[in-house]
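Each protein sequence line maps, in turn, to chains A, B and C.
Note that the working numbering has the first sequence beginning at 1, numbered continuously upward.
Note that the working numbering has the second sequence beginning at 1, numbered continuously upward.
Note that the working numbering has the third sequence beginning at 1, numbered continuously upward.
Keep in mind that the hints were calculated from the coordinates and are not lab data.
Treat the hints loosely; a few may be bogus.
Below, simulated DSS-like cross-link-like pairs (lysine-lysine); rule was C-alpha separation at most 25 Å, straight line [as the list claims (entries may be wrong)]: (1) K395(C) <-> K57(A); (2) K411(A) <-> K394(A); (3) K97(B) <-> K241(C); (4) K301(A) <-> K283(A); (5) K97(B) <-> K404(C).
Output of the computed footprint for chain A on chain C, the stretches with three or more beta carbons under 8 Å from beta carbons of chain A [unchecked claim]: (6) 183-197; (7) 329-339; (8) 346-352; (9) 369-379.
From the three backbone atoms N, C-alpha and C, an ideal C-beta is built for every residue, glycine too.
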Amino acid sequence: MIKLEIDGETVEAEEGSSIIENADRLQIPIPRFCYHHKLSVAANCRMCLVHVENSRKPMPACATPVAEGMKVWTKSKEAVAAQHAVMEFLLVNHPLDCPICDQGGECELQDVAMGYGRDYSRYDEPKRAVIDQNLGPLIATDMTRCIHCTRCVRFGEEISGQREMGATGRGENTEIGTFIEQNVDSEVSANIIDLCPVGALTSKPFRFKARTWEMRQHPGIGTHDCIGANIYLHVHNEQVMRVVPRENERLNEIWLADRDRFSYTAVLHDERIRKPMIRKQDKWHVVSWVEALKYAISGIKLISQKYGAENFGALISPSASVEEQYLLQKLMRGLGINNIDHRLRQVDFRMQEAEPLYPTLGVDFADIEKQQAILVVGGNIPKEHPNLALKLRKAVVQGGSIACINPVAYKFNFDLLAEEITGTLIKSLQQVLDVLEQKSTGTAAVNKIAHMLRDDSGDKLIILGQLALQHPRAAELKALAIRISNITGAKFGFCSNGANAAGAWISGCVPHRMPGGHPTDEIGKHAGEMLEKPLRGYLLYGVEPEFDSVFGNKALTSVSESDFVVAVASYTSESIKQIADVILPIAQLVEMTGNYINVDGIWQELRAVTKPFGESRPGWKVLRVLANMAELEGFDYTDVSQVTDEICEIECAEKFVQNTLSAEPEEINNLKRFAPVSLYAVDGTVRRAGPLQQTADANLEPRICINQNTAKYIGLADGAYASVHSGGYHVKLKVLIDTQVADQVVIINQANRLTNPLPAHLTSVEVKQC
Amino acid sequence: MSTQLPQDITTQIDKFLAKFPDDQRQSAVISSLFVVQNNNGGWLSTELMDAVADYIGMPKIAVYEVASFYSLFDLEEVGKHKIYLCTNIACMLRGSKSIAQYLQSKLNIKFNETTADGKVTLKSAECLGACGGAPMLQLDDQYHENLTFERIDALLEELD
Amino acid sequence: MEINKVCYRALHVPNSWTLDAYQSIGGYKVWRKILQEKTDPNKIIEQLKESGLRGRGGAGFPTATKWTFIKRDMPGQKYVVCNSDEGEPGTFKDRDIMRYNPHQLLEGIAIAGYVMGASVAYNYIRGEYREPIARMEAALAEANAARLLGKDILGSGFDMHIHNVEGAGAYICGEETALLDSLEGKKGLPRFKPPFPAAHGVYGKPTTVNNTETLASVPVILETGKYGNYKIFSVSGHVNKPGNYEVPLGITFRELLDLAGGMLDGKKLKAVIPGGSSAPVLPAEQIMDMPMDFDSLAKAGTMLGSGAVIVLNEDTCMVELLARISDFYMEESCGQCTPCREGTGWMARILHRILHGEGSKEDIDKLDSIASGIMGHTICALGDAAAMPVQSFIKHFRQEFVAKI
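Given these sequences and hints, build the entire structure.
Here it is as structure tokens:
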């Protein structure tokens, strides 16, 4: 430790720390624009100049390291003169259009100018004007206001690892932007809105919607992945106006995925359901809640009585709250129905009894960056879990190595030590195991991967991505990963689908386990069985079968062939209206209170920040009343917290059987389809978030992606139409030749209107010219 | 598909790359841009900058930053020849202003313009480090010092 | 007085830029000796210290001291960088070194590499210098072919790889850390110091950056033990014989003016900018008998800088001249830090208004105050360089500004 003096106060400081870090700690205000505690030090704005004893000139507090005996004055005549001078320079070319600027009220320039600026301008020359660039649907630009702090540029360089913004030109003509007008496409792009200290980069969906001082800020969490990024919701007139990050060092730090930031735009989507509805003689009728609930529960009972409870199934979204999940399974099991599941994208359910209490990454999310070696199998991490990708990048920046086994050489925002690009994930992972067991040697990449996992002395991790988890032989991949982790000491884990798969496991929304992960003798059908062959009745809780299930349109067909369907949902759609018999409208994410359990097992509470839309009701209440009407015991809750308490009191099982499956050989006979889900198709909310749907990642027009060898083999040209066949299903799509795809691999997204006709669980496909 | 650099260009770029450590390929970007610019009638298109970015393996925006920062890169079409007339103080003291007027009227263009026949682009340059021979100009790669109206006439005469 | 004895000692030899010509005047003698005798680097540093050699790029930092910052036996790659990005208006000395005596520069660079244990050196040459670049490339090829550079030089076991690297038109790259950024293939933006290049230079490795003239002086200084006080003055402006004169420091301006053939057309001297356009201007009466050395000029409130002496006669309009100087700094500001990015253009615009008779009384003081606002508040010295002419022109020639209003 070092001792120095700041404004006469003696301070103990860490060696190598800067003046500003210590001043911040002591809450001694030093004005700044370019300095940001999460970014490298640029020292370019010069606003933080302070007076340092024995220094010829004022020093930037952000870039000046502390020294023993140093004396710093932040408010001396010299310091203040420098700060005033810099303030004036910052303002000469700034438009001073605060009344029409969205940043007004939360603008760092405005705030600092109040303290350090003049009350008039001495600048009589023409001001600079900068032509704006359209950066896409998320970020609005007013680059004339830019003060060139380069925070947005450094974000791309350092944090997201995707350099999109730059500072082109020079001198007073330096411009921050993309240079060539183009959208910024990164999945975490909008963080530059928060970083921008002025109104140059603002939120496009929020533009001119409200003034900051008019809004109330409520804490919340992101509900589109299992990380549960912390957010603030800004509410004005009973409406969520925008979402900004809430700092949480354990999870998202200060970074939000665009998905978590802009999904609020779906809250008041046209497809929100205003009132309960039932279908009679193929016509929809708005009815009272009582009538709708009665209709629903009597329908469920009727099917159970007529065809047996084993012919009714309940499917719940993995992004429902733990209270909703718990009450749903309690209601269903109370009615004798054991077919309950949330694993809508899973294909392989073998070894489900070997799953842990709830899915985790194997290490705390915050510790990802400390890993020395990470193997990713079957995952395009940035486009699956953007916050995880930022952590992986951090691991690499801090000296760790990452390798992957993937069907596509995905563009990651970090460098890879090695990548095995293959359609046979199992075979390659088996090879890694074989090398580790010294049974054989593999390809160069496989050898490197084995070497990395064996030799590195630090923490190691194997992560399965979504393509591995959706794999028809996922249980074998998991078994292999477990064996490798046993040999190497690596931890093993994955990010589950949805925001609350952990909650679903713990609350018993799986057919083979009761709440707390306890085994049951009455094992029901899993999601695959429920959708592959139609049951007689379904309850869909926040589920849109053709988009949320791996079976695509086939899932919709299965449900539609049943006799009675209850849809509990916030949104309706044409297909929901076709398949359902009763629609019970429930509160959307921002309108409800409940808990989410994230990948670390942390419970995070979501509280309603607005009233429910129309006559929709919180989901837990709907489930409670259904149970009351069914005259089930133990549903006397008057508040959701009583449900929460009941779940918390459950003692969880601790031991589970081992997945000791041995992997069978894997070959590709024909072509093999992999079916990623677009970042912005993962759930009904983001699918309805307008601005997100306008981004490149929304992938509204999916293609058949194959590499040039495969294309040549089939005789297909880039841009031509081709049809893909499998198991009697087919789709016709445009071909995109992508050299990054592995041989014999066909990439066709799932969860898309155009590709839903071809169920994604069928991986052996045929591609034909048409 | 993005533009790819022809092999004779990449061969030259490889020579520059050889000067730097293997993990510092970006160091060759300035020289590479010169080669590409010279091969493209004296200016850089976005496609060519992208091709350089791809070949060297650096973000496209980083190439745009470099190309737009240095004054010797032109990002718009230019004439067959470029004249950089030094107008900084040492040349100014020795009459660069009248040379500038003479050049502009003779070529019938202003600074940063190209003659109608596409032959010459005229630019005003900062000090080119030949103040002992002021006033001076750079015509393409060549310096011409101690300029007079007669020298200018002769120079323009010789242009192909 | 001896002139042209150090960097320009080859000027009288035909085809002086060739290896043969350079060796005919004793070139590479010092280098061979060092390699043969495996001279103790400390001894070389000692000799340089005795010679009093100070950096020729503008700052005048003692070269021997700079060379002690990087120790030969420090582990890891180290670099020597030669700053041939000559761009300070009025300066044209390094161009002639590279055109006429490129081998001596290579020899100097090699010796620097030897002293600091750097096996790789980059000579960063401004992109406009096509002829000097060609000469340097040819000389490098000759020296490499003669095994005077490269791997295991002359069987000494010592490696020295020198590469010429071109800039692309940016005055700021003459600032050593901007040069390093440019060398790394980026925009030339000066870096905040600390860390200094000696600790964190090109590619984050220990690096010494020396000016062309400094490095080219080294072989002669080591060979003769003399000439550490020789400096090239680039004399331009209103003189009869503008050009480079390599003379002892401390020569009076009067003597230098004589060497340069006296005032053009016999006009009267009005003022002199003694160290490149950034240096504060001195009126005739103050400069005439001024010894031209680092300390005397500093005492007079200006600087020796790069040794670019710009001579102004009585007809010079100081407002117009300053406006042009201010245009230059506006044009060449890298745009990184606020005071320089915003202040240089502001000053230039006011000056052009004044020049065109649209100035107001307040403008002159405002200019001075803007210059103070920039001064000392930027990452690199370009801000100061832009401010100093404004302040000195106003100080010495205020009446000319007032007359325009």
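Notebook entry, point to check: Which numbered hints are broken by the structure, listed smallest first?
Noted result: none
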